[in-house]
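Novice: This is what each chain is made of:
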Amino acid sequence: MKTLRKADVVIVGGGWTGLLMAKELGARTALSVVVLERGVPRSTDKYADDMDELDYAIRLRMMQDAAQETVTLRHDARGRAVPLRRYASFLPGSGVGGAGEHWNGQCPRNLPDFFELYSRTKEKYGVNRLPEDHAVQDWGITYDELEPYYTRTERLLGLSGKAGNLRGQKVEGGNPFEGWRSEEYPTPPTKLPYFSALFRDGAKSLGYHPYPVPAATLSQAYTNPDGISRPPCVYCGYCERFGCMIGAKAQPTSVLLPVIEKKKNVTIRKGAWVRRLVHDAAGSESRVRGVTYVDATGNEIFQPAEIVFLASWTLNNTRLLLLSGIGEPYNPGAGKGTLGRNLTHQVSFAAATAFFAKPLNRFMGSGASGMLLSDFDGDNFDHSQLSFLRGGLLEARNTGAHPIGEFGEVPHRVGSRWGSTWKKAGIEYFDRVGRIVVSGEHLAYKGNYMDLDPTYKDRCGDALLRLTLNWRENERRMAELLTEKTVEIARAMGATEVNTFPGLRNYDSRRYQSTHVQGGTILGTSPESSVVNTYGQHWQAANLFVLGGSLFPTGGGANPTPTILAMTYRTADAVAERYVKRPGPLA
Amino acid sequence: MRRRRFLTISCTTLGGVLVYSLDRKVSLLSANEKNKDKSLRIPLRFFDEGEALLAAAAASRIFPSDVSGPGAKEAGVVIYIDRQLAGPYGSDRYRYTQGPFEDAPAEFGYQGKATPREIYREGLKGLTGFDQLNAEEQDATLERIEASVFFSLLRQHTIEGMFCDPMHGGNADMVGWQLIGYPGPRLNNYDEIEKYYGQAFRPKPAGLREVSGHSVGASEDEK
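If you read the protein sequences in the order shown, they are chains P and A.
The opening position of the first sequence corresponds to residue 1 in the numbering used here, with each subsequent residue numbered one higher.
The opening position of the second sequence corresponds to residue 1001 in the numbering used here, with each subsequent residue numbered one higher.
If you are wondering where the hints come from, they were derived from the structure by calculation, not from laboratory data.
Ideal placement from N, C-alpha and C gives every residue a C-beta, glycine not left out.
Treat the hints loosely; a few may be bogus.
Cβ-to-Cβ under 10 Å is the rule here; a few derived chain P residues that face chain A [unchecked claim]:
1. E24
2. A27
3. T29
4. M51
5. R61
6. A67
7. D76
8. G79
9. L91
10. R120
11. Y194
12. S384
13. Q385
14. G415
15. S420
16. T455
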């Protein structure tokens, strides 16, 4: 194994969090920073060639290659896990920019009470209302503490939207349920597809409070505090699973990379497949000495470092710590260990598939142009008479309907899935159908967790990560009520027919639900119940930091990226201002 | 090196102007009077001619050519499928194929060992003589295999071949896109997105190579 010269900082993963940390440390410190990204280089100017549904949206060209590494899944701890032989229910990205390149850019903040889920629920409904095997706990950081970092994130991305709560003052047209914000969005809301306009009017007629989706797809030209200028979105409809050809969608290559490339102290090394974090003897006081990786030509390399950031996305963050033997693996039976606990996925589903008499021109849109409503999110509606806790956002967007994925969605009465009748209906309804999607909270449970699979290996012979994951009654009942409410809205929009979501049964790995998988290296206030402190700093190794959705102790209804970036900013501040001067525990 | 195999399509079966990019060359053939008796010999990459005829006949029942418009035949769906099977998708280059292969409930996705190539080769054996049946008999045959992995692939690939970018060998002359009013990749809808509320906006379709002005690599051609 070849040993390289020691770097001050090594960052594992070149996606949103890794590159944001690289940018911050590169700009604010003199530290030498090496980013290790196992995927390929990417840049915005090549993305126009990617407007091909088959290779990108169906064959998933920008995603992690399942042949090299996947995960295994089982529904409960008694079951035998099998590998997800293709990724489908969530789609981890690969390459510089990671999943941040092919996201939709929907950027709501999480609700204030989401960060104190345990204590707020206990206070309002009593602790007995939490499901029997729940693993819900507070974050140890509040919305108020995160607010300035949310604001910085929104300026970084140039988010387009409308505030609903400016420093406690309700503002017409925004989300009346949102937490207070110190500033209006940097840019006004995006243009609105017809389907979303129908949703707005239908929802209003029922007395709800629709508001524009906070969008990382810019409504107008914007220059961020780093001097990065981006053009307005052109609504081409190629966000989800595609990179943005003009950088109107905030993506790491358009927002972070141009800044990083000017910093001589930051290097991004592509094709570097990290296998282990090397650390001194385990125990309560450990120290990470660097990482080993396999480079693009197959050589084993040791990269020593003073500080290591693990920024490789939720699942691989957890897996690398398990493979490296850092921290005690979670064992739900024995009630011991913390590493791997609190696996959650967003409860995301098309509650109502609505058919209309008029065409919708669905090929035009962006990943985040549309309308949302939060009337049924979190605890925004009273749960005292309900049989579940929490809720979700309802959304109507046009992300750009592509014909392979969208053809054949017909009213249930058509009855067939192939042949003349189905074809005729498919043609008739291709542009007359829209989906109202629910993005719901997923509570943490003791029985939903991650560990290493005893059977299946990746391309290097390392154990795959095993997910033990299933829905519980709380999610099923929540989905039921939210489906009912969504169907009412679809009717109010003028839908002539509606296909209704059949309900959540077992976790289905075939249906795309969102790439918002969380937990595994959760944050908290005590090493007894969490893996890292609220700065993402590992309890057992002060020079190891973990970034990203793996820190979330529960899964949100709101999409997680703004919260993830806000937390990364908070860690960057703490490292640049405090840790660098005096290395050691920050909390 | 195996002998080159071809699928021969008579020009009278073709709808309008067909553009097939054959082995990265473009062939243009019009179904007008002059070309009435001509036929197109399309080199096959995976199927033999008999298999291609069976797959084409089955795809034509999934997406028939009928009063509601052209179907799998005019779009060249079988050409699309042939190329996919010959390429990395057909050999499962990007699927996790390490064993053991265990049975699992449907929610865990396809767990089989067989690659798409193997599934087709086996599945088509079960359809021997299919292209000689009448439409009712063909439908009855497909109904019997509706729950099979082979049929679900065939159905999915028929939709893909109807509506993919024409550079992949299907959606010939963009017949699929024209059928549903899909314009293909468009670089800019800024002025149109809020302009056509409730009215159909149907720009003329164009494929990616036309829109980008240069050749774009397709996954099935990856070495």
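Novice: Against this structure, judge whether each hint is valid.
Specialist: Results of checking the hints against the structure:
Proximity of E24 (chain P) to chain A is violated relative to the hint, the smallest CB-CB distance being about 33 Å (cut-off 10 Å). For the restraint placing A27 (chain P) at the interface with chain A, the shortest Cβ-Cβ distance is roughly 33 Å, beyond the 10 Å limit, so the hint is violated. Residue-level restraint check for T29 (chain P) is violated (minimum Cβ-Cβ distance to chain A is 40 Å; threshold 10 Å). Annotation: M51 (chain P) was flagged as interfacial toward chain A, and the flag holds, the nearest CB pair being 4 Å apart, inside 10 Å.
Taking 10 Å as the C-beta contact cut-off toward chain A, the hint placing R61 (chain P) at the interface holds, the least distance being around 7 Å. The interface hint given for A67 (chain P) holds, since its Cβ lies 5 Å from the closest Cβ of chain A, which is under the 10 Å cut-off. Checking D76 (chain P) against chain A: minimum C-beta separation of about 13 Å lies over 10 Å; hint violated. With its C-beta approaching chain A no nearer than about 9 Å, G79 (chain P) sits inside the 10 Å limit, and its interface hint holds.
The interface hint given for L91 (chain P) is violated, since its Cβ lies 13 Å from the closest Cβ of chain A, which is over the 10 Å cut-off. With its C-beta approaching chain A no nearer than about 33 Å, R120 (chain P) sits outside the 10 Å limit, and its interface hint is violated. A least Cβ separation of about 5 Å between Y194 (chain P) and chain A falls short of the 10 Å threshold, and the interface hint therefore holds. At a threshold of 10 Å, the smallest CB-CB gap from S384 (chain P) to chain A is about 34 Å, leaving the interface hint violated.
Taken as an interface hint, Q385 (chain P) does not check out: its beta carbon lies about 32 Å from the nearest beta carbon of chain A, beyond 10 Å. Hint status for G415 (chain P) relative to chain A: violated, with the closest Cβ pair at about 13 Å, above 10 Å. Taken as an interface hint, S420 (chain P) checks out: its beta carbon lies about 5 Å from the nearest beta carbon of chain A, inside 10 Å. A cut of 10 Å between beta carbons decides the hint on T455 (chain P): the least distance to chain A is about 7 Å, and the hint holds.
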